[in-house]
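> Single-letter residue listing:
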Amino acid sequence: MNALREALSGFWREAAKTLKILSHNKMGLFGFVMMILIILLSVLGPVIWPAETSANVSAINKGVSAQHWLGTDFQGQDNLRKIINGGKDIVTIALVTGILSMLIAVIVGSFSAFIGGWVDSLLMQFVDIWLTIPKFPLLAVLATVLALKDVVTLSVLMALLDWPGLARQVRSQVLSLKRLDYIEAATMLDLGTPKIIFRELLPNMMSFIAISTIFEMTHAIYQQTGLVFLGIVPYSSANWGVMISAAERRGVLFNPQAAWSILGPMGAIVLFQLALVSFARSLDEVFNPRLRTSV
Amino acid sequence: MGEPLITLEHVTRTFDVKRQTIKAVDDISLTIPEGEVLCLVGESGCGKTTTGKMIAGLLATSAGRILYRGQDIATMNRADRRRYRLGVQMVHQDPYASLNPVQMIYNIIAAPLQHHGFTRGEAATRERVRELLTTVDLTPPDDYLEKYPHQLSGGQRQRVSVARALTVRPSFIIADEAVSMVDVSIRISLLKMFGRLKDEMGVGVLFITHDLALAKYFAWEGRIGVMYLGRLAEIGPAQQVVAHPQHPYTQVLLSAIPEADPDRTRSKQRIELRSMDVPSLLRLPSGCAFHPRCPAFAGEICEKVVPPLKKAGWGSDVACHLVK
Chain A
1 MNALREALSG FWREAAKTLK ILSHNKMGLF GFVMMILIIL LSVLGPVIWP
51 AETSANVSAI NKGVSAQHWL GTDFQGQDNL RKIINGGKDI VTIALVTGIL
101 SMLIAVIVGS FSAFIGGWVD SLLMQFVDIW LTIPKFPLLA VLATVLALKD
151 VVTLSVLMAL LDWPGLARQV RSQVLSLKRL DYIEAATMLD LGTPKIIFRE
201 LLPNMMSFIA ISTIFEMTHA IYQQTGLVFL GIVPYSSANW GVMISAAERR
251 GVLFNPQAAW SILGPMGAIV LFQLALVSFA RSLDEVFNPR LRTSV
Chain B
1 MGEPLITLEH VTRTFDVKRQ TIKAVDDISL TIPEGEVLCL VGESGCGKTT
51 TGKMIAGLLA TSAGRILYRG QDIATMNRAD RRRYRLGVQM VHQDPYASLN
101 PVQMIYNIIA APLQHHGFTR GEAATRERVR ELLTTVDLTP PDDYLEKYPH
151 QLSGGQRQRV SVARALTVRP SFIIADEAVS MVDVSIRISL LKMFGRLKDE
201 MGVGVLFITH DLALAKYFAW EGRIGVMYLG RLAEIGPAQQ VVAHPQHPYT
251 QVLLSAIPEA DPDRTRSKQR IELRSMDVPS LLRLPSGCAF HPRCPAFAGE
301 ICEKVVPPLK KAGWGSDVAC HLVK
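Residue numbers (the numbering used here), protein chains in the order written: chain A, 1 to 295; chain B, 1 to 324.
The set of hints was computed from the structure by calculation and includes no laboratory data. Quantities reported herein were computed from a predicted structural model and do not represent experimental measurements. Errors might be hidden in some of the hints.
[What the hints assert, rightly or not] Below, simulated DSS-like cross-link-like pairs (lysine-lysine); rule was C-alpha separation at most 25 Å, straight line:
#, chain 1, residue 1, chain 2, residue 2
1, B, Lys147, A, Lys195
2, B, Lys216, B, Lys198
3, A, Lys17, B, Lys147
4, A, Lys20, B, Lys216
5, B, Lys53, A, Lys178
6, A, Lys195, B, Lys53
7, B, Lys147, A, Lys178
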């Protein structure tokens, strides 16, 4: 119980420190706040403004107005409300794919680098072959064959396809780090392999891991949007990819009045990506004490 | 001197480089008693660091055995292995690479204390960390606890490295060029600190350096071993090696040390080498590896026969055909 309380207070101390470092970096702070806002809006938004269930024939493809801030779509439904309701899928995909693929990559990559020998050769041979396969067509085919119904399964599938490249990067990072004197010193102090990996190695590659995770997130969002746009993943729910695809199919491209049906969800994706990337840029400072300008 | 703490028996280490095999360390035998200081001196590439790493257990030997308190470190049982692992610690050369940059000094030193249960609870650990920092002359210790390695100078980091090695109460410390990358002005105080560890805690020290002047200063009470291209050329009590060098290589090295008095340096007779080039480890000279450069070169025997390390005068062991 005491240990738990200590760990919790340690966590809060770290979190407070991180926020303080972030607050000195404008880009990072913008990214962080924006990211949190989008996630909150996507999770809580649908409760406050639930999705419209019926079409509104009197207001099809209307432009921007005080009533409809981002206009209406081909069914006469409010674009802004649709975007708010369509965020949950995208956020889920980004988080699940990003974190899951990085987790597998970190485990396989550091394991491979640490054990070395034939285990390493075998794993990396597999990764090399895997990397030569064009991933997106494979994903398209798999998604069609498996007839995916929900986003989580799709996210897991994308993570399973994407981890090998990341694992190779993690492995090379670990390989260069494990030769360092302080790792050797930790070995001599007999701190044990898990402690060495989690206390000595990983904290030194946290900024790399965080940034790779975030790039993997943006990649996953693009892939999902692409799949929906191609019509491979069924329109089970109204997410941003589905909105773009539907708008395009309903000829929005030829109707300037309805431009916001396609620009809205596009803008949402761009904004989310921008938030992730600018947050990622500031993470270097959080994880590397040498780069901190203050604290 | 006490029991033999570390014993090397015909230790050899080879490395494969581009389908060739080089002998970094060739047939070295020596014994280090408990609490003794041994300085290994030699040019870069002579195998002194490799020897240190093998004693530290970071590299396996290619042939021969290393014993810790009479037990072969390669075939030890679990409990002995643990005792050995903690008993022999190392202080690295580069103070900028030997401390984890993302951890505060307190965490660096507290981790082994907590992991091995040397201290119980936060308060006791903190107290012990402060004690260790005081031991290595980082005072007041509270100024250093919350610092990151990059906020310290090279000398201070080296002291932190030593404090970290001391957490597990080692009986032997390998200092691999531990003061080479530190400002000259700080070297002496670091050396004094090492000396104090030896005197007060009975810690044995293997001091690896390329600087014979440093070895002379540090090992005054102990022994000096001179290495050349993977083999021991001469090993003996420091004062005797310095006063009566017997191997030609040792004589050359000693004659090259400048004296503090310029008049003496000028009048000092420098022994000229036959060749200035250090032979490549890939193409070691036959016979005595030093013969192409040796000022006392004596013909065929030096070219053909590897001189064994044998007892010579002044309590030293020397590997030279000319020394009787």
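> All hints, please: hold or fail.
Results of checking the hints against the structure:
Taking the CA atoms of B:Lys147 and A:Lys195, the gap is near 22 Å; set against the 25 Å cutoff, the hint holds. Between B:Lys216 and B:Lys198 the alpha-carbon distance is near 16 Å, which keeps this suggested pair within the 25 Å criterion. For the hint linking A:Lys17 to B:Lys147, the alpha-carbon distance of about 15 Å falls within 25 Å, and the restraint holds. For a cut-off of 25 Å, the pair hint linking A:Lys20 to B:Lys216 is broken: about 52 Å separates their Cα positions.
With a C-alpha separation of about 16 Å, the suggested pairing of B:Lys53 with A:Lys178 holds against the 25 Å cut-off. With a C-alpha separation of about 22 Å, the suggested pairing of A:Lys195 with B:Lys53 holds against the 25 Å cut-off. For a cut-off of 25 Å, the pair hint linking B:Lys147 to A:Lys178 stands: about 24 Å separates their Cα positions.
Violated hints amount to a single one, hint 4; each of the other numbered hints is respected by the structure.
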